[in-house]
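Undergrad: Residue-level listing of the chains:
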Amino acid sequence: MVNLVALDSQTHRNLRVAPRPTRECAEFNVVSVIPREFPRLLAHYPIFFTKSADSGRFEPAALLGFERKENLFFVNGRWDVAYVPLQIQRQPFSLIPRRNAPAGNQAALDVAIDLDSSNIQTQEGERLFLDDGGPSKFLQDITSILSALVSGSREAYAFTGRLAELDLIEPVRIDVEFVDRSEAKLEGLYWIAAAALKALPAAQLAELRDRGFLEWLYFQMASVSHVSGVVARKNQLLSGVTAVRGPEVRNAGPA
Amino acid sequence: MPDRPEQQPVRRIVVVGGGTAGWITAGVLASRYPRRGEDGVTITLIESRQQPPIGVGEGTWPTIRATLKQIGVTETDFLRECDASFKQGSQFVNWADASDSDTYWHPFTLPADYADRNLAPYWLEGPRNPGFAPSLCFQTELCGRGLAPKQITTPEFAGLANYAYHLDAGKFGPFLQKHCVGKLGVTHVYDEIVQVQSDDRGHISHLVTKSGNLLAADLFIDCSGFSALLIGKHLGVPFLSRKDVLFIDKAWAVQIPYREDAGPIASATISTAQSSGWVWDIGLTTRRGVGYVFSSNYVSDDAALEELKAYLAVRGDLSPGLSFRNIPINSGYRQELWVGNCVAVGLSAGFLEPLEASAIVMIELSAKSIANLLPGCGGGMQHAARIFNDTFRYRWERIVDFLKLHYVLSRRTDSGFWIDNRSRESIPDSLREGLEFWRHHCPWHEDFSHREEVFSAASYQYVLYGMGFRTETGPWLLSDSDRNRAREAMSETARHAKALGATLPGNRDLLTRIHRYGLQKI
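Chains as they are written, first to last, in this note's numbering: chain A, 216 to 470; chain B, 10 to 531.
Extracted from the complex, chain B is given alone in its bound form (with noise of 0.2 Å):
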């Protein structure tokens, strides 16, 4: 073995907590680095029975699709065994003005001609009815009526319409700890951490456990959620909240049994805006999962669990047997990431209120991120750690300015909630620039610098064209050729989202066929 620790190869990686966080990361990492044993990568997964997952984040993005297939388990089994559903963007209810026909949606399909041309402004300048997704998306044709993403006959992993999945999650963590321990070779240690030893570089060197164990390891990833008891207790690396910017600091969250076996499954998350946050409803196989996320400045629990109660009455879904669970939300992520050799991934990192369902491809990127990054040897840690923390403060801040974008558009008077949030000093500076940028200016590629953006123009543009908002393009910079292509997209749009609608099935209808059947590799 090397005498120096900066010539010490990083072949021993210990994921401290076991949540979704530690075992997707637990996973990525065996996929990616199958070779095990004396001259391989060991991947020890190590956590406490006295701390159950916390199980947020039933949303997920695409990117979860590449995620699965690269830790090698199947969409059959994953979609059996998480009582997942497919999940084709979000709907929003009540956002803008809560008018009757306040709504929108924000489909992953993209925008058509999205690779080549900007059609928004020719969307614009039209009559703007049907609304911006509707017209250049055949994909909100698919939500709305609550079909499925794709046939019995598509291959695994494959759509006729890009999508997501809901998930239960505490089903997730299981599923995916089996397949990472019973095909990918990670050791899997029921155990309490007491002492955390660092060496003289201020590296962590070993775990001290309760059963009196040492595990000793050259990278570290804390996964140990809100505890984060590397990157936070050991470490000390502060918590930067942006309570400032997002309000939103408690929910509530109930399970919904459907009232009738195969009742219907929506393909979207709904998210219908209430006085003082907003209300999510997510639709598995076996339940919704439904809350309120609200701000304790505003409106207090007893006056935000009634608020919850109405949305379900209204629904006919109020029952006396629901449990209502309190859950804190402290909007905020570290300052740093990565410090020395422990680097922090899922709740350990930072949470943002569940608007866009960022939790969980955060995990993804972040994952990817340190199987592409992980360091040759221990003298390339700081090099390391310098890029992760670079693109992950962004992606923090963009996701943050991402979701106070949903506020920040929107006309509602009814509550000091929804007024505050369009106060100049709650809206970051980078936002704000953007905003006056898209005055005159449709959301674009480059508006955006990274390689992967979280949320990309696409984005953007289905959340400022679907709360009502305008940009005035200056016709110099119109062509007709463009105008010709836009009308011809949004026909073929409308043409296409007919013809796929009248050959998919119901999302309940498909899941209940690949419950049974399951699905084809190819």
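Just chain A, with the same shape it has in the complex (with noise of 0.2 Å):
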């Protein structure tokens, strides 16, 4: 359950959170990113889009595991590599619109705190406010989390408003085999049609590169090898070994 309460100076006074990722994060397997993390997450993470449920958009998503709640980056309490998507880091916080705002500015938002959020803590953990009542450095940075994740979340949709109508994304088919035989078949994940890429007239290939988006969708693209590196975790943690078999990740077809 999430009981998201708008933050208050006084009544949040005391209020402690730790800063790591915790229990909460090992609950999905892609996680939503924005295009300005794409090139700390290359480090480590396979990008794709999925389909948001809302709206039927694409959107950039890290992949963490093969099953529904399997995130194999959380791995004993911890997140094992070193870049943590913002969309894990702003946990437990996110913004709400701000109650009673006033007419025209609808737009007004406030940082909530999910108080069911096993980070909420009394004794250890960060501040969020200051004895004066200023927000923490904790809480500051938060803050600049979300609102970067509100203007990477326009960002993004640009951009993959603008793929689509260029048809430069297209469904993929990851079908993995474990070291235990056992199989997983992830669908629902997009990623940019190299074909249609290649094909592309000059104009609308500058018009990208001018966008910025070309480095972004290239990005995207470098970032598929990482699918074998989480193959690879599921593995170790299936029997200790590696794989014996690489995933195949091929076009899905026509839709």
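Just so you know, these hints were derived from the structure itself, not from any lab. What you are looking at is a predicted structure, and each value in this text was computed from that prediction instead of being measured. Possibly wrong hints are sitting among the right ones.
Claimed, not checked - Here are the simulated lysine-lysine pairs, DSBU-like style, with alpha carbons at most 35 Å apart:
#1 B/K187 x B/K78
#2 B/K318 x B/K192
#3 B/K377 x B/K242
#4 B/K192 x A/K413
#5 B/K259 x B/K192
#6 B/K78 x A/K400
#7 B/K530 x B/K377
#8 B/K259 x B/K242
#9 A/K400 x A/K284
#10 B/K507 x B/K187
#11 A/K413 x A/K400
#12 B/K530 x B/K507
#13 A/K284 x B/K530
#14 B/K377 x B/K187
#15 B/K377 x A/K400
#16 A/K413 x B/K507
#17 B/K530 x B/K318
#18 B/K187 x B/K242
#19 A/K400 x B/K530
#20 B/K377 x B/K318
#21 B/K78 x B/K180
#22 A/K413 x B/K530
#23 A/K413 x B/K187
#24 B/K259 x B/K507
#25 B/K259 x B/K377
#26 A/K284 x B/K507
#27 B/K507 x B/K78
Two chains, two frames, a set of hints: combine them into the complex.
TA: Okay, structure coming up:
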């Protein structure tokens, strides 16, 4: 359950929050990411596109596991690579529409905290507010992550929206066999249509470059090689050995 | 240019009339034959500003998805600009005996196992509860709950259940026009035709317009609506009335606003039988279209209007500002649809009461056939015409049969309309033979001879068994393996209906999301 409450310097003066990913992170196998983190994500994660359940629009997402609720990057209670996606880092905070926002200012947002999160403590962890009621450095960082996610998600939709218009996104299927002969088939993932990209007219290629989309698109393509890394994590978990056969990642063909 | 008319290539096409028929036909031909200019095909659509499109036929068949895709529009643009909503079939209320529980469905999704085996006999020998459609088609559950046939993540034109649309015909024509002219290179002319000129073979050579232009072409497509400028007025092809079979000859139509902005939208056409006809109820995104089609032999205009008002009043939809339009309906079709180098599509070809939304599907089928049969040169006209006429006469007859089926099976005795509809002389021989046959044989693929039937055996099954018809299949024709399969199929249907019902959004909810975000191509 999620119990979101807008932060208040009085009510939450003594609240402390553990500054690291907690067990809630183990609950999902894809996490939505924003283009600005692509360079750092590229060190560890395969990036694909998934469709938002709310709008059907494509959004970039890092693949963390092969089954629902399987996060192979969260091992023994900790995140085991150096870069943690912003969507995880922000936990247990989010932005909610400000209550009683003055008319014409529907966009006003408040930082809220999930009071049911296991990150919340009163003894250890980071304080949110200083003694004078001002935000702590920790809370300031969180706030800037949250606003980066808001603008990043706008950028992401502009990026994927244009890619979709240019028919540069196509479905992909991932079939994996693990060391114990169990199998996984991942569907609902999309990637850059390499053939369509090759055939793209120069003017549109230039437009992608000018809007900064071209490098994002190549980051996505390069990141796919990390699928074997995720498979290796799963195999390690299953038996402590690495894969006998690499994963098969290919075009899903027409949807 | 070759001097013999038989060798003249068929490259110039003129479509007369800019309603739904004209623009669908122009769009299908133009997308199919995209080469324009000197060595290509020219397609010109001429319409008179004085004749506003009539705007009938707000219901469609699932074929419309392939047609829109062929023409090259996106589903998102279509849904947004034509106020369209998803239609998953029809619900018939009070058709069988007008008892409290008298309702059945004709969904677009085929019955379970329809490609391989006929499970109808096994439903019939069981408790028949729930009805035929709910037992063997998961879609009735979705229709009943007003759910959409797909999710926001489903690609455009794809569905988790088969579907068509309800659309605002007044907006559909202009929507297609914009695409046909802007993207497909169709030439659009506003002018009035004052004279039609034929050559010595009787083929139309050109049209003379009010502004003094001559419009010459190799093929003329008459989409001029009821006025039938070419096929009727000029060529004099007789209109074959089918009033002897289908008694409906008038309609009262009205538009009903939603009571709340985001009120639910039914995802099926609801057809409710009345004393002397039936009421259609169609939900668009912006309003509902409701109307009573009736037979003036059995009820007066005034009494019919009162019945329609009573229908609205019961639902809380009767308000003082409503404007009711009286529309004549002349059921029938042309004896020939393609004569010389002129072919009729849409209302100029024929019209039948809108009971199973056959108007737009017939336009689509005609446009597709013309595109497929398009003769290479003038000499091929006669052959193309013969094939087209055979096919479409057959189709009109089959539609008449299928519409009549709904009336013949009724057990209502509350008015002469229903009683007379069962009189032997009003039932076409082909339908009477079929009904005799189906007494001991559940409708199946081979019962219908054509490759592309407007109404397949599945439609017959839904209507026959929905209306309470009983087929007695000899036990020697039944098998245990099919019986077991039928039992499995029925429980799979129930499971599937429940699972899908839990994940699909409401019709209104999905349409709102699509208006906001659009659908993805993949």
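Undergrad: If a hint holds in the structure, say so; if it doesn't, say that too.
TA: Results for each hint:
Proximity of B/K187 to B/K78 is assessed by CA-CA distance (about 15 Å); at most 35 Å being required, the pair is judged to hold. Between B/K318 and B/K192, the direct Cα distance comes to roughly 44 Å. Violation of the 35 Å bound is thereby established for this hinted pair. With a CA separation close to 25 Å, the supplied pair B/K377 and B/K242 stays within the 35 Å bound. Between B/K192 and A/K413, the direct Cα distance comes to roughly 25 Å. Compliance with the 35 Å bound is thereby established for this hinted pair.
With a C-alpha separation of about 39 Å, the suggested pair B/K259 and B/K192 falls outside the 35 Å cut-off, and the hint is violated. For the given pair, B/K78 sits about 30 Å from A/K400 by alpha-carbon distance, which is consistent with the 35 Å threshold. About 24 Å separates the Cα atoms of B/K530 and B/K377, which keeps this hinted pair within 35 Å; it holds. Annotation: proposed proximity of B/K259 to B/K242 holds, straight-line Cα distance about 23 Å (limit 35 Å).
Restraint check for A/K400 and A/K284: the C-alpha separation of about 15 Å stays at or below 35 Å, so the hint holds. With a CA separation close to 41 Å, the supplied pair B/K507 and B/K187 exceeds the 35 Å bound. Restraint check for A/K413 and A/K400: satisfied, since their Cα atoms lie roughly 28 Å apart, inside the 35 Å limit. Using a Cα cut-off of 35 Å, the hinted pair B/K530 and B/K507 holds, with the two alpha carbons roughly 28 Å apart.
With a C-alpha separation of about 29 Å, the suggested pairing of A/K284 with B/K530 holds against the 35 Å cut-off. The hinted pair formed by B/K377 and B/K187 meets the criterion: a straight-line CA distance of about 20 Å does not exceed 35 Å. For the hint linking B/K377 to A/K400, the alpha-carbon distance of about 40 Å lies beyond 35 Å, and the restraint is violated. For the proposed pair A/K413 and B/K507, the alpha carbon gap of about 45 Å is over 35 Å, so the pair is violated.
For the proposed pair B/K530 and B/K318, the alpha carbon gap of about 43 Å is over 35 Å, so the pair is violated. Between B/K187 and B/K242, the direct Cα distance comes to roughly 29 Å. Compliance with the 35 Å bound is thereby established for this hinted pair. A hinted pair counts as satisfied when its Cα atoms are at most 35 Å apart, and A/K400 with B/K530 qualifies at roughly 23 Å. Between B/K377 and B/K318 the alpha-carbon distance is near 40 Å, which puts this suggested pair outside the 35 Å criterion.
Restraint check for B/K78 and B/K180: the C-alpha separation of about 18 Å stays at or below 35 Å, so the hint holds. Simply put, A/K413 and B/K530 have alpha-carbon atoms about 20 Å apart, close enough for the 35 Å limit, and the pair holds. Between A/K413 and B/K187 the CA atoms are separated by roughly 32 Å; this keeps the pair inside 35 Å, and the hint holds. In summary, the hint linking B/K259 to B/K507 is not supported, as the alpha carbons are separated by about 41 Å, beyond the 35 Å threshold.
Restraint check for B/K259 and B/K377: satisfied, since their Cα atoms lie roughly 30 Å apart, inside the 35 Å limit. Between A/K284 and B/K507 the alpha-carbon distance is near 24 Å, which keeps this suggested pair within the 35 Å criterion. The straight-line distance between the Cα atoms of B/K507 and B/K78 is roughly 31 Å, inside the 35 Å bound, and the hint therefore holds.
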